[in-house]
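Colleague: Chains as they are written, first to last, in our numbering: chain E, 1 to 517; chain Y, 1 to 669; chain W, 1 to 103; chain L, 1 to 169; chain B, 1 to 488.
By construction, these hints were calculated from the structure, which means they are not laboratory data.
Don't take every hint at face value.
Claimed, not checked - Here are the simulated BS3-like cross-link-like pairs (lysine-lysine), alpha carbons at most 25 Å apart as the crow flies: (1) B:LYS376 - B:LYS458; (2) B:LYS444 - E:LYS107; (3) B:LYS444 - E:LYS28; (4) Y:LYS162 - Y:LYS310; (5) E:LYS413 - Y:LYS75; (6) E:LYS28 - B:LYS376; (7) E:LYS484 - Y:LYS75; (8) Y:LYS162 - E:LYS303; (9) Y:LYS451 - Y:LYS373; (10) E:LYS107 - B:LYS376; (11) Y:LYS162 - E:LYS366; (12) E:LYS446 - Y:LYS162; (13) Y:LYS75 - E:LYS57; (14) Y:LYS541 - Y:LYS375; (15) Y:LYS461 - Y:LYS30; (16) Y:LYS310 - Y:LYS541; (17) Y:LYS75 - E:LYS476; (18) B:LYS162 - W:LYS102; (19) W:LYS90 - B:LYS162; (20) L:LYS49 - W:LYS57; (21) E:LYS451 - E:LYS107; (22) Y:LYS162 - E:LYS451; (23) Y:LYS546 - Y:LYS375; (24) E:LYS204 - E:LYS484.
Said to hold, decoys possible - Distance windows between CB atoms, simulated: (25) B:GLN39 - L:VAL95: 49 to 59 Å; (26) E:HIS494 - Y:PHE418: 44 to 54 Å; (27) W:LYS90 - B:CYS24: 47 to 57 Å; (28) B:PHE42 - L:GLU132: 40 to 50 Å; (29) Y:ASP194 - E:ARG448: 53 to 63 Å; (30) L:THR115 - B:THR8: 54 to 64 Å.
As the list claims (entries may be wrong) - If we take Cβ atoms under 10 Å as the criterion, some of the chain L residues that face chain Y in the derived model are: (31) LEU20; (32) ALA97; (33) ILE98; (34) GLY100; (35) LEU104; (36) PHE108.
Note that the structure is predicted; figures quoted are calculated from it, not measured.
Just so you know, even glycine gets a beta-carbon here, dropped at the ideal spot from N, CA and C.
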Amino acid sequence: MQSHILSIVLFTPLAGLLVLLLIPGQNKFLIRLWANIAAALGFLVSVPMLLSFDRAKDGYQFVERADWIPSLGVQYLIGVDGISLLMVMLTTVMGFLAIFSSWTSIKDREKEYYAMFLLQQVGMVGVFISLDFLLFYTFWELVLVPMYFIIGIWGGPRKLYAAIKFFLYTLAGGVLMLLGILTLYFQYAQQFGRYTFEIAELMKLNMPLGLQQWVFWAFFLGFAIKVPMFPFHTWLPDAHTEAPTAGSVILAAVLLKMGTYGFIRFSLPLLPNASSDRTIVTILATLSLIGILYGAFVSLVQKDWKKLVAYSSVSHLGFCTLGIFALNQNGIAGSIIQQINHGISTGMLFLIVGVIYERRHTREIKEFGGLAHVMPNYAIVFAIAMLSSAGLPLLNGFVGEFTILQGAFEANKIWAAFAVLGIIFGAAYLLWLYQRTMLGEITNEKNRGLKDLNWREWAVFVPLIIWAVTIGVYPKPYFDILEKPVAQIVHRVHQSANMPLAAATVVPPIAAEARVR
Amino acid sequence: MNFLDLIWLIPLVPLFGAAVMLFFGRRLSKAAISIICPGAVGVSLLLSIAAVIQLAGLKEKIHQVTLFPWLPLMKVDMAYLLDPLSSVMILVVTGIGFLIHVYSVGYMGHEGGYYRFFGYLNLFVFFMLTLVLANSYPLLFVGWEGVGLCSYLLIGFYFNRKSAGDAGKKAFIVNRIGDAGFILGMFFLYQLTDSLKFTDVNEALRSARFGVEHSFGLLSLTALLLFVGATGKSAQIPLYVWLPDAMEGPTPVSALIHAATMVTAGVYMVARSNALFQLTPETSFIIAGVGAATSIFAASIALVQTDIKKVLAYSTVSQLGYMFVAAGVGAYWVAVFHLFTHAFFKALLFLGAGSVIHAMSGEQDMNLMGGLKNKIPITFRTMFIASLAIAGIPGLAGFFSKDEIIWQTHASPLGSNFFTVVGLITAAMTAFYMWRLMFLTFYGEGRMDEKTRHHLHESPKTMTVPLMVLAAGSVLVGWLGTPKIFGLPEFFRGFEGWLEPVFEPVKALASEGAEQPEHAFEWFMMGVSVVIAIGGIYVAKYMYTKLRRDQRPSGGMLYPVLLNKWYVDEVYDLIFIRGLSLGGGGLFAKFDREVVDGGVNGTAWTTRFVSTVSMWWDTWIVDGLVNLSAFTVRALSFPVRFLQTGLLQSYALAFVIGLLAIFGYYWVR
Amino acid sequence: MLHPITVTHYLVLSAALLLIGTLGVLLRRNAVVIMMSIELILNAVNINLIAFSEHLKTLNGQIFAIFVITVAVAEAAVGLGILIALFRNKETVLIDEIDILKW
Amino acid sequence: MLDTALFYSFALLTLLGAILTVSLRNAVNCAIALITSLAGVAGLFLLQKAEFLFAVQIVLYIGGITVLFLFVIMLVNLDQTAKQPRFGRHWMIPVLAIAGTGTLFVGFLTRGRGTLALPAPGVAADAGGNVERLSDLLFREYLVPFEVASLLLLVAIVGSVVMARKKAD
Amino acid sequence: MSVYYSSTDHFVLLPVILLALFGCATLLFDFWLFPDARQRRFLVWFLLIGEAFAGVALWRQQSFLNQHGGSINAFNGSLVVDGFSLYFHWIFLATTTLVGLISYRYFEVREEHHGEYYGLIMLAQCGMFFLASGNELVTLFIGLETMAVTFYVLVGFLRADKRSNEAALKYLLLGGFSSGFLAYGFSILYGISGSTKLNEIASAVAARDPFDPLLFLAIATILVGLFFKVSAAPFHMWTPDAYEGAPTVVTAYLAVGSKAASLALLVRLLTGALSTAHAAWEPLLIGVALLSMTVGNFAAVTQTNTKRLLAYSSINHAGYILLGLVARNTIGLQGVMIYILVYAFMNLGAFLVLTSLASKGIAGEDINDLNGLMQKSPAHALWMLVFLLSLAGIPPTAGFLGKYLIFLGLLQSGHYILAIFAALYVAVAIYYYFRLVRAMFTQKQENAVAPTTSLGMKLALGVTGVLTLVIGVYPEPWLRFAQWSITR
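Kindly produce the complete structure, drawing on both the sequences and the hints.
Modeller: The following block contains the structure:
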């Protein structure tokens, strides 16, 4: 039996987009309404997938397979395991909330705006469910274009610079990654005599370490730029700062995760020897640690509210990559959970900046102060977001960071020691931000008449807050979903590390089931 | 009804109160708030009492309730544990918490953000109860961080004051530094014992797998890291700096959080981890050393402070030092005992101070007080009792616990006479500064201005009743832990017995510690401490009632040093600024220090410097590299365009040169 | 001096002609003369073809040469037409004055 | 012997004409020099037994193309152009480039002389004269190019008409 | 006497006969039937019908080949119809038709007499036909010249426009110059093989050392001539000038048709007659390809004229295509074929949008003329976006497919460094393509003149756009087509 649920999840936003294009541009209300409905549908159709996902099963589920370019061995092959399931859910939820939060903040060229978001939604979901490498790459690049426009059209004053920087940077990484993909493809053809991009098949490859390392670095450039890891992070603050609120939210919540997801889904299982190579692991962990501390340091001196949040992303993503390259269950599972957490908490922080930006049209921290007097609810929401980001226990951030730290600790105690410092600084810059903006006397007269959150803004924040708390209090379902896939990856990496260039290693049983249809 | 299975409700009720306050508080009337929040803590108190009574009836005095799994990868559950140690703690937290809630109804009656205050307070109680009821380190850490947060929120309650915000931030960040150590400690513990549940950890550590570690090894490192966490939370050297600043918060907060409960979390945690610390005598020695140093250091500062709350704050730091001395010498029950008694009289002192400040229309400088004895009699009497208690006058709570500590420093196998001497000196200082406070505040002539004098009034019932209850406690609770040599019935030594199951001695130490106490010497010590206490009080009385201001000894060189708190804050700054000006000398290289300082001041110069440097790096180097591509593109584009002159012959020339190059390739190939 | 004339002689001659033509294209400013130089180049090709044709005793080279001449004619005709059109607009045939299009 | 002498004289004529073509100031003189050069080439054709081509060269090239050139030269403003410098300002680099190319060219030819021992020489001239055989070849083997050439000439005619036409309509 | 002209010959030549016929008809009827300028747009019907007929004739050849396989030789092997040539014929057919469709409106706007135009582009197509089908040097040369001479005329078609004149003159002089070298190379090839037939040349070349001096001389001069035609650096210098000066529709045709036809010749020579001498030409190709990509990319960055920008971009694309030849494997060659096909549509599409910008008094060639196109005409802007993305090689547009196959070919043949270069240049290219995107989408509109349009343009825009997307999204049939075209 083959269900088409994944295709439905994938193409619902596209269908929404096509309908949207039919709505005349003058009818702004209808456009907004329909965009929201389409995004909500996108979320709703993903719910049955979550419900019917069988976490006890190994391998991929809801697999769909069709030939796409048979002469090149490219397939339309999609499926999810626990890792991608969570990512897809993150995408559909954040996508909806991002669109919903734009209701009043976007006032010109709305049709294009929502079209871009829906298109982006397709790309992002596609990235997370592709099991064919070329399909993955297609979606990967597809995502760039809408984001370019979102930043470039609806962004801040330096939007064009930020947009092209984002595009160039990630594209350069992407094409190099493509070369890595193609190398695998040829290796496979050499060893097995046929061409395929199917990931499960490529895992059967048996490559010499040297070649694996080359491919690893090619992948690394693609993924690390996306994450972004130090020192490839400089596009991020610009893009984040200049993007419109919803754009920043999606960028932080989902787009960056494509990089970390890439590491987990591709670098580790496909190149187990290279990924567990001592030098490579050390380099990556060091870069992650630098990212953690560096992001935090730079956050401390930011004068722009949004830029501060943007740099904090660098720090948080440092945790995620550190967890991945701890190469153990704790590290990777924690990393994935932390990715979701980062989506939630940084997403919230960006939304919070957006709320105030919509009211005051500035993001200079020094313009604010004492906002808690006039916007008490806003202050509470901000506090929760801040604490979630700073990793306060019982909120989501802690679960992820703690698990990552444990993973890092198991891998190397020094890493954990440095990473822990990141937690301290995380608290420092966030609290300071909070103090400068929310606390104290109202120093700027312009802030006196600001309105507190309206119902629409509440409606955006409440689900996120609830989500944050549920992960913080009861993260077990997430760990359960992740247990098998992560264990598989860890097993694969360690097995090949112990048995250099062992012939056959564990391959998730994706193919067998799907072929039955 | 089995209250033991309902212990999870104990923290949850205040959480419910907090949630109601934060989300709906603004729409509730003051009266409703005044009922809900103290009521929630009251319910918790009743539940706690019921549960403790039931626990007492159990043979195995331990009960765990598992709610649901939390961090599956580390086998950590949302589970609560009630044993003698936590039962003491929950009683302190809910009991004193309840009183302070009631007190706050009166004290905060005129303040804005009433609902917010109670919301935070209830939230604090929730986290504190989670901390003490947790059955595992991570869950303890939940409470640990949570109380830090509430402390931050409550210190910064008057958030329109910048100093309040700064103080809150400082508290949170210094605590986080400790937490960093604590987290690492937990990881080591997990590595050692493969579990983070208290029961499992203790069982493992007491098993044959581990022996006493006499050199500095993994166990010591683990213990030390946990202790770093404790120094942060319990304000020990070098992380004590946040606590005095924390007095920016409302006085009930100082009483509850910064005297009675939260700051003792470190002591609780060390006591909880006694199995570990017992295995590492070196660490224990360090703990005792840090505790002793902190106690005398803070006491010395308290001698000269003029702000009434600051005196109490340093006093708290000093008393916490005592507790760590006790824990360090292996007398865990004594540490908890002192924690217990201290909670009563220090809470009372703070509340009393609050009442004084209330009466003084917000004035906190003792130099502007005086003669309040008759104006606010209830406050005076209750504070009088508390001051006697803390000074160590026999019969009151403080006497028993402090005396036991001093005795244990001598008697315990881990002890040292050095600690005894320090303890005695500190005791003298304590008696002196407390009574200095009393004399400056309540005796002599009033030094306040007319307007304030006019307003002087005793506090309302909601405030005075808790004072009285606490005063009663300050007298009575000490009798639960009378010295053996008193030879009183077992009930009066109940405290040690009650905690016995928790502090099961490790085999190695048990044999050493079997030496017979010398009764005569113990009596002698007791006498010395009493004399010292009375001496301290007398000196204070002499100086502050008999002598005029100008007649009092100035303290010479020492006075400004003490007044400026040994210049520690300044030294922290100075080290780094000088380090920087020397171009990153050895001190600057100590990243750890940098972090401490950067964290302490949040905005500190160092951090700013480092961040600014990284900012430059970002803007000029990294960005430069990226933009280099754009720049290179343009730079390369120039010659290409330059050649495209529009002149046909230059095009043909390029053609010929291309051909020449191809030909040339053939010949140089 | 008087070696028998081989095909190489013709090739060298043709190369010389080619280079002279190239020189003309590169150096002369007058567009008409440049076209003449191109004719020289095509003639060099023809010399080659004829020489090879004779050398190989096949007539294909001669045929090729006829077509090269045809091409030369066609190019010259169109080229001169273009030149006239240009001259009408710009009043010059000097190639270095024709540089609106550049960069 | 005679062939040799004729070759050298025709070659000289060709090269001299060529050099004059690219170096004379007056375009008319250039055209005349071109005629000389083309005539030299025609002579070479004759030497190589390409009589038909010789005729074509004389009639079509010299008679047709060069006259066309002369027309155009007359048409455009000759006087002014004649006073201008002949060469562009930068002549050094082109000359050097061509000298280099020429050297390498000669290198190729001398080195390649040995390999010119070519495929089996074709059948020697059989029946019929040059023209006859040519036409046979042209219409049999080279029918396509022949037809295409008609298209080419058509294009050339239309093209030159289009180009030279004044903007009438 | 044997039969000069057989039925096979006729079968093979029929498409071009039809084209020539309709082309001449156009020339004739221009003045005769449609004296009024307004009516001349109907001339485009001649072109369409002619192309339709030619299409039918081609289709017959196609189905013949599908049935019998192999190839059809005609005229004693002067012409050959195989998959390769048919593939190109279809491209030429499509290109010419599309160019015809977009032209009439353009010339009306420019107020240019354009009767001959349709005839000329059909004759140019005839020249291209022989370039793809020719299997013999003389045919190839004369075909190339037919095409080239037509283009000289077309480039200068706006007689009143100085820039058009100048472009035509430069193109002609340099074109003639390069033809001279090409012919020289051909003459040497003839000299060393004794034949003008490619098959025989192939065996003669195979018998020689690749670095035989005369052979190398021939290869070098031929390649130089062809590099010029496909505008590969450093023989590209005419390209920007000619592209800028020519009427936009002609630029489109030049960029697509002329380039594709020259590439057909290049590919046929290099993979056929000269394939055994690859050791000699491969390094040349590498050097020229790298230089082309570099020059094309970097020079394009600072252009302000869109046509010039696209000219440099076409130089860059030439580099990619040459790299596909460097790979010398089936995948690389398939990549080249697909690339040419895709390039035809996407580039034509891009020029089409530029064409529509031209209106009375506005050349529509400056980047700023694109400003605010999204507001003025979303359809144009969105399709242009598709074309630009495709030119840049972003999936899932068709442009990606070509680049992708070429990368694949390079990796397979072990040219890793080249692959990395080629990949990185994609990122550079984005920079200037997105300058256009930026203008269209993010700049404010200044003059609210909507782009000119016509039924033909709409049709052409739809076709190019849809194909650019379809080939990218569902490339399978196209890949098979390309595969088929290169199986000999």
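Colleague: Against each hint, give a clear statement of whether it holds in the structure.
Modeller: Hints and how they fare:
1. Proposed proximity of LYS376 of chain B and LYS458 of chain B is supported: the alpha carbons are some 15 Å apart, at most 25 Å.
2. A C-alpha spacing of about 15 Å is found between LYS444 of chain B and LYS107 of chain E, which places the hinted pair at or below 25 Å, so the restraint holds.
3. Annotation: proposed proximity of LYS444 of chain B to LYS28 of chain E holds, straight-line Cα distance about 20 Å (limit 25 Å).
4. With a C-alpha separation of about 18 Å, the suggested pairing of LYS162 of chain Y with LYS310 of chain Y holds against the 25 Å cut-off.
5. For the given pair, LYS413 of chain E sits about 21 Å from LYS75 of chain Y by alpha-carbon distance, which is consistent with the 25 Å threshold.
6. Proximity of LYS28 of chain E to LYS376 of chain B is assessed by CA-CA distance (about 18 Å); at most 25 Å being required, the pair is judged to hold.
7. Among the hinted pairs, LYS484 of chain E with LYS75 of chain Y is consistent with the structure: their alpha-carbon atoms are about 17 Å apart, no more than 25 Å.
8. In summary, the hint linking LYS162 of chain Y to LYS303 of chain E is supported, as the alpha carbons are separated by about 19 Å, within the 25 Å threshold.
9. This hinted pair checks out: LYS451 of chain Y and LYS373 of chain Y have alpha carbons roughly 18 Å apart, not beyond 25 Å.
10. Annotation: proposed proximity of LYS107 of chain E to LYS376 of chain B holds, straight-line Cα distance about 18 Å (limit 25 Å).
11. For the suggested pair LYS162 of chain Y and LYS366 of chain E, the alpha carbons sit about 14 Å apart, so the restraint of at most 25 Å is met.
12. Between LYS446 of chain E and LYS162 of chain Y, the direct Cα distance comes to roughly 20 Å. Compliance with the 25 Å bound is thereby established for this hinted pair.
13. For the proposed pair LYS75 of chain Y and LYS57 of chain E, the alpha carbon gap of about 22 Å is at most 25 Å, so the pair holds.
14. Proposed proximity of LYS541 of chain Y and LYS375 of chain Y is supported: the alpha carbons are some 20 Å apart, at most 25 Å.
15. At roughly 17 Å between alpha-carbon atoms, LYS461 of chain Y and LYS30 of chain Y fall within 25 Å of each other, so this suggested pair holds.
16. With a CA separation close to 20 Å, the supplied pair LYS310 of chain Y and LYS541 of chain Y stays within the 25 Å bound.
17. For the hint pairing LYS75 of chain Y with LYS476 of chain E, the CA-to-CA distance comes to about 11 Å; that is within 25 Å, so the pair holds.
18. For the proposed pair LYS162 of chain B and LYS102 of chain W, the alpha carbon gap of about 13 Å is at most 25 Å, so the pair holds.
19. Of the supplied pair hints, the one linking LYS90 of chain W and LYS162 of chain B holds, its CA atoms being roughly 7 Å apart against a limit of 25 Å.
20. Taking the CA atoms of LYS49 of chain L and LYS57 of chain W, the gap is about 10 Å. The hint holds against a cut of 25 Å.
21. Between the alpha carbons of LYS451 of chain E and LYS107 of chain E the distance comes to roughly 19 Å, so the proposed pair stays at or under 25 Å and holds.
22. This hinted pair checks out: LYS162 of chain Y and LYS451 of chain E have alpha carbons roughly 24 Å apart, not beyond 25 Å.
23. Proximity of LYS546 of chain Y to LYS375 of chain Y is assessed by CA-CA distance (about 21 Å); at most 25 Å being required, the pair is judged to hold.
24. This hinted pair checks out: LYS204 of chain E and LYS484 of chain E have alpha carbons roughly 19 Å apart, not beyond 25 Å.
25. Between GLN39 of chain B and VAL95 of chain L the CB atoms are about 55 Å apart, so this pair conforms to the stated range of 49 to 59 Å.
26. HIS494 of chain E and PHE418 of chain Y have their C-beta atoms about 52 Å apart, which keeps the hinted 44 to 54 Å range intact.
27. Distance hint for LYS90 of chain W and CYS24 of chain B: a CB-CB separation of about 33 Å, inconsistent with the stated range 47 to 57 Å.
28. In this structure, PHE42 of chain B and GLU132 of chain L meet the distance hint of 40 to 50 Å, their C-beta atoms being roughly 48 Å apart.
29. A C-beta distance of roughly 58 Å is found between ASP194 of chain Y and ARG448 of chain E, which places it inside the suggested range of 53 to 63 Å.
30. For THR115 of chain L and THR8 of chain B, the Cβ-Cβ distance of about 37 Å falls outside the hinted range of 54 to 64 Å, so the restraint is violated.
31. Proximity of LEU20 of chain L to chain Y is violated relative to the hint, the smallest CB-CB distance being about 20 Å (cut-off 10 Å).
32. For ALA97 of chain L, the suggested interface contact is upheld, since its CB lies about 5 Å from the closest CB of chain Y, less than 10 Å.
33. Interface hint at ILE98 of chain L: satisfied, since its Cβ lies 7 Å from the closest Cβ of chain Y, which is below the 10 Å cut-off.
34. Interface hint at GLY100 of chain L: satisfied, since its Cβ lies 5 Å from the closest Cβ of chain Y, which is below the 10 Å cut-off.
35. Given the 10 Å rule on beta carbons, the hint for LEU104 of chain L holds: about 4 Å separates it from the nearest Cβ of chain Y.
36. For PHE108 of chain L, the interface hint holds, since its Cβ comes within 10 Å of a Cβ in chain Y; the closest pair sits about 7 Å apart.
In this structure, the hints that do not hold are numbers 27, 30 and 31, in rising order.
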